[in-house]
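So you can see what is in the structure, the chains are spelled out below.
Number of protein chains: 2
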Amino acid sequence: MADKVLIYSRFPKTMLARFAERFELLDTGGKAASEVFPTEELSGIRALLTAGGSPLGAEAMDLFPKLGAIVCYGTGYDGVDLEAAAARKIAVGHSPGANAASVADIAMTLMLATTRRLLVADQYVRSGDWAASKQSPLMRPQAGMPGRRIGVYGMGEIGRKIAARCAAFESEVGYFSRTKYDLPYQHFPSLEALADWCSVLMVAVRAGAETQHVVNADILKRLGADGYVVNISRGSVIDEKALVAALTDKTIAGAGLDVFEKEPHAPDALTALPNVVLAPHIGGHTLESHLAMQGCVLANLSAFFEGKPLPYEVKSA
Amino acid sequence: MADKVLIYSRFPKTMLARFAERFELLDTGGKAASEVFPTEELSGIRALLTAGGSPLGAEAMDLFPKLGAIVCYGTGYDGVDLEAAAARKIAVGHSPGANAASVADIAMTLMLATTRRLLVADQYVRSGDWAASKQSPLMRPQAGMPGRRIGVYGMGEIGRKIAARCAAFESEVGYFSRTKYDLPYQHFPSLEALADWCSVLMVAVRAGAETQHVVNADILKRLGADGYVVNISRGSVIDEKALVAALTDKTIAGAGLDVFEKEPHAPDALTALPNVVLAPHIGGHTLESHLAMQGCVLANLSAFFEGKPLPYEVKSA
Chain U
2 MADKVLIYSR FPKTMLARFA ERFELLDTGG KAASEVFPTE ELSGIRALLT
52 AGGSPLGAEA MDLFPKLGAI VCYGTGYDGV DLEAAAARKI AVGHSPGANA
102 ASVADIAMTL MLATTRRLLV ADQYVRSGDW AASKQSPLMR PQAGMPGRRI
152 GVYGMGEIGR KIAARCAAFE SEVGYFSRTK YDLPYQHFPS LEALADWCSV
202 LMVAVRAGAE TQHVVNADIL KRLGADGYVV NISRGSVIDE KALVAALTDK
252 TIAGAGLDVF EKEPHAPDAL TALPNVVLAP HIGGHTLESH LAMQGCVLAN
302 LSAFFEGKPL PYEVKSA
Chain L
2 MADKVLIYSR FPKTMLARFA ERFELLDTGG KAASEVFPTE ELSGIRALLT
52 AGGSPLGAEA MDLFPKLGAI VCYGTGYDGV DLEAAAARKI AVGHSPGANA
102 ASVADIAMTL MLATTRRLLV ADQYVRSGDW AASKQSPLMR PQAGMPGRRI
152 GVYGMGEIGR KIAARCAAFE SEVGYFSRTK YDLPYQHFPS LEALADWCSV
202 LMVAVRAGAE TQHVVNADIL KRLGADGYVV NISRGSVIDE KALVAALTDK
252 TIAGAGLDVF EKEPHAPDAL TALPNVVLAP HIGGHTLESH LAMQGCVLAN
302 LSAFFEGKPL PYEVKSA
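So the protein lines, in turn, are chains U and L. Using the numbering used here, you'd call the opening residue of the first sequence number 2 and step up by one each time. Using the numbering used here, you'd call the opening residue of the second sequence number 2 and step up by one each time.
These are computed hints drawn from the structure, not numbers from a lab. Treat the hints with care, since some could be wrong.
Result set (SDA-like, lysine to any residue): computed pairs, CA atoms no more than 25 Å apart in a straight line [unchecked claim]:
1) Lys-135/U to Ser-134/L
2) Lys-242/L to Ala-132/U
3) Lys-263/L to Leu-83/L
4) Lys-251/U to Thr-15/L
5) Lys-316/U to Asp-183/U
6) Lys-263/U to Asp-63/L
7) Lys-90/L to Asp-63/L
8) Lys-263/L to Ala-34/L
9) Lys-32/L to Asp-183/U
10) Lys-263/L to Pro-142/U
11) Lys-242/U to Ser-134/L
12) Lys-67/L to Ala-88/L
13) Lys-251/L to Lys-135/U
Sample of chain L residues at the chain U side, in silico, Cβ under 8 Å [to be verified]:
14) Thr-40
15) Pro-66
16) Thr-272
17) Asn-276
Just so you know, even glycine gets a beta-carbon here, dropped at the ideal spot from N, CA and C.
Only chain U is shown next, with the shape it has when bound in the complex (with noise of 0.2 Å):
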């Protein structure tokens, strides 16, 4: 009898199928579990599934009380207690780096369709202004990426993988992070000396209660009227009220956000506004993304049930 899965949040049928040839997969829809299943079957469940950013805290794990893993599809496992997880003695395990370049790809993509304000430019030429030789404010030139000034916020996997490119576009990069590295980009000790130096905010933090709101309105005001905050974090980084208000008063130039406070909810705010590229957490909605956190999935999974340390696992903090 296969080993069983419950899945906890929700994921796409397709992607499933896959996990589904090795283990027996009770899958919630990310409805309740208890909803959907009976509770003697939740019982024996020993492994879940979650998308990282999914609240799951002791409560839930109680739910499950032969609970021994759970894995989280992504890199990130922000929503997961890491504490209450420690005292119950379940492991936790996610995907780290899988998606790192696809990530850090939709940054570049943010950044750079949010400062050549690509969507009003291809508005422009579909609606027939271009033709008809239309003003456009919105179209005015705007400063390039050689010699600007890039801030990246955070320096895991994502963050360098950023920086690598913005270099090869000859911007300059900075960053801010807790620990400063061996790397060719300039270390700055405060996020808030890190706004007040660059044109564009690079969100690449790993979400978390102490980052809890930390993009908020004194930053935001530091980045200026030139600047642009781009995201690919986790919506809880950004204090999305301050952001929608910096945006519409224009004390920021654009915003181009992958990740919402509310998912799958961005605020009607944000969707009215023309200086903003959204995108409904792609991040790491590649072929090649897809496999490889799949890989890490199994190989987490695969080991908990042959009593083995999980290959990917979260090292508490």
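Let chain U serve as the given structure and place chain L on it in line with the hints.
Same frame as chain U, now just chain L:
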């Protein structure tokens, strides 16, 4: 008395203001010079400023018997009949390299936006389809940049900058140009061979009579159903009808276009497609690129009126 310069093409007034500080400008606003100015005035014209893509042949040159310098704004000079100019001892100048980074960056922007379906993604968020968990076939995961084969057609300054940027995205880069350079990219002996090999064809070749419609139905077919074409050179290089057909019947996956055959018009059949990203010829459209191009124009005009050779002269083929 300031030297007179005929403004042969349509340019923004804000840009012309900088030239007006040094020269007396006769601005046609893009109309036929003979409609705007009396023949006597035109007969004294010694220098003119034109957009390199605007047609400027022997007949037009003969309207200005004293013409000694044709100065193109930007790197292109494909509209100028170089043989006719040489026969009349008219020097032709341009702005080589001044916009190379800016144009390469638009090429990257178009490639990333097209392959990652950015416009579809933005619309998916704004429309509320994401919040409603609606299926969207165009949002299926696509191949990403690592390992992707990028074919650069033309290895001038723009092509080199595109190649360097693509390498930072962990892509494989190949190129076709008449000359094989000492560069760390695979050289292909023909455009056909490059198209067979690559999944994204970046058109960065200098346009002219010999490149007219070289990206034709056959080349597009060689790119294949997962293939993309990005054009930041001139619209004339691609057979636009063949491109629309290839995009419509899915012979190729998508296209990113900054240039069109009949600017400022993009055909309706193209603007109706969801698998294209369109821009109104904004490749060189950044603040620093405009400043650099204007610097070349001023240097060319000043040298000419001082009786010196143009510092940024087009060398006849």
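Verification of the hints:
no.	hint	verdict
1	Lys-135/U to Ser-134/L	violated (37 Å)
2	Lys-242/L to Ala-132/U	holds (19 Å)
3	Lys-263/L to Leu-83/L	holds (21 Å)
4	Lys-251/U to Thr-15/L	holds (23 Å)
5	Lys-316/U to Asp-183/U	holds (23 Å)
6	Lys-263/U to Asp-63/L	violated (67 Å)
7	Lys-90/L to Asp-63/L	holds (12 Å)
8	Lys-263/L to Ala-34/L	holds (21 Å)
9	Lys-32/L to Asp-183/U	violated (59 Å)
10	Lys-263/L to Pro-142/U	holds (22 Å)
11	Lys-242/U to Ser-134/L	holds (24 Å)
12	Lys-67/L to Ala-88/L	holds (13 Å)
13	Lys-251/L to Lys-135/U	violated (33 Å)
14	Thr-40	violated (28 Å)
15	Pro-66	violated (32 Å)
16	Thr-272	holds (4 Å)
17	Asn-276	violated (12 Å)
When the structure is compared with the earlier hints, violations turn up for hints 1, 6, 9, 13, 14, 15 and 17 and for no others.
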